[in-house]
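Use these hints to put chain B onto chain A, whose structure you have.
The chain contents come next:
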Amino acid sequence: MASIDSYLHLIGIELLVILAILGYLVEADLPKRVVSRLFLTVLGFMLAHLATHALPNQIAGFIYSSQHLYHSAKSPGLHRT
Amino acid sequence: MTIALSTIAGAIAACLAVSLCSLSSMFALWLKPATLNRVVPYLVALAVGVLLGDAFIHLIPDAVNRHGAVSDVCLTVLVGVFGFFVLEKLVRWRHDHNVDITPLSGEILPLAKMNLIGDAMHNFVDGILIAGSFLADPALGLTTTLAIIAHEVPQELGDVGALLRGGYTPRQAVLYNFYCSLTVLPGAIFTLLLSQIAESSLTLLLPIAAGGFIYIAASDLIPVLHERCSFPSLSGQTAAFGMGIGFMQFIVFFEQVLIAI
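Sequence order for the protein chains is A and B.
Just so we're aligned, residue 1 is where the first sequence starts under my numbering, counting upward by one.
Just so we're aligned, residue 1 is where the second sequence starts under my numbering, counting upward by one.
Here chain A stands alone, though its shape is the one from the complex (with noise of 0.2 Å):
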């Protein structure tokens, strides 16, 4: 089973392509406007997580994947730094 994170990626990403896609076909102003908003707190908040938990953890699993007392901290569900 994917973990909860993964889900939570997939929505990301489906929700920017859906919305990427609805903004293009929209043609009133008001909508349009709406849409794209929303395009960027979704995108914005992708980024977030991004730089503030996946990029650190892959960086951490990079520098520290040879130490084994760093596997032995880490939870072996959410793998968040």
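The reader is advised that the hints may include incorrect statements.
A partial selection of chain B residues facing chain A, derived with a Cβ cut-off under 7 Å [to be verified]:
| no. | residue |
| --- | --- |
| 1 | Gly10 |
| 2 | Leu16 |
| 3 | Leu175 |
By construction, these hints were calculated from the structure, which means they are not laboratory data.
Here a beta-carbon is modelled for each residue, glycine too, at the ideal position from N, C-alpha and C.
Okay, now just chain B, sitting in the frame of chain A:
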């Protein structure tokens, strides 16, 4: 009963994937109007095959499997056909005075509105199925989602063909079709919140959706196919109709393979 957050997130991700598939019909936007006019009758023929195939190959057998009594399911299908007939009469009485099957400029034919209602209902049922299978087992949820996506893509193409025939512009057809596909999310949320009621409501919703599809295909779309009687349209539309049924039958095999894995 407590539901794991990952189950809820998985069901929502699957529903969004199904909604995303409805945007696959966007290719209609890049076609020239003349090409689109030539293609639409074949898309309508594909829609007829897909709608009838979905009703007779998927929805009715599934309802019989869940309910057990064929006579009750058939009666509910008939209630669905009757309900959609009344609904169309109401739509025509309320909004339309054009009894012809050719849209006047800027006018939307009832068949397009009926198609949107039927599609919304079908997607709501899909949401119930997706969330129900995720509740049972995430792996089953994944296979159900794949099966639904497989039948959704050809159906969305056919639906957009029907909406174009009903008088919508290509952009409107794709957008309204997408808005209808979003009913998959309320269907899933309804199931996640009230799984017991949702499971039992399927025995009613599946045959009613089937009745709606049979009604739309037989009364609204097939007469449109009889407008052109040349040999190319005869052979092309017959092939598209058969391909729609073939798609739906192929998905049954695909589902069986997925379940066997």
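Can we keep the Leu16(B) interface hint, with Cβ of chain A closer than 7 Å?
4 Å, holds
Gly10(B) as chain A interface residue, shortest Cβ-Cβ below 7 Å:
This hint holds: Gly10(B) lies near chain A, its Cβ roughly 5 Å from the closest one there, short of 7 Å.
Does Leu175(B) pass the interface hint, meaning its C-beta sits closer than 7 Å to a C-beta of chain A?
5 Å, holds
Hint compliance for this structure: no hint is broken.
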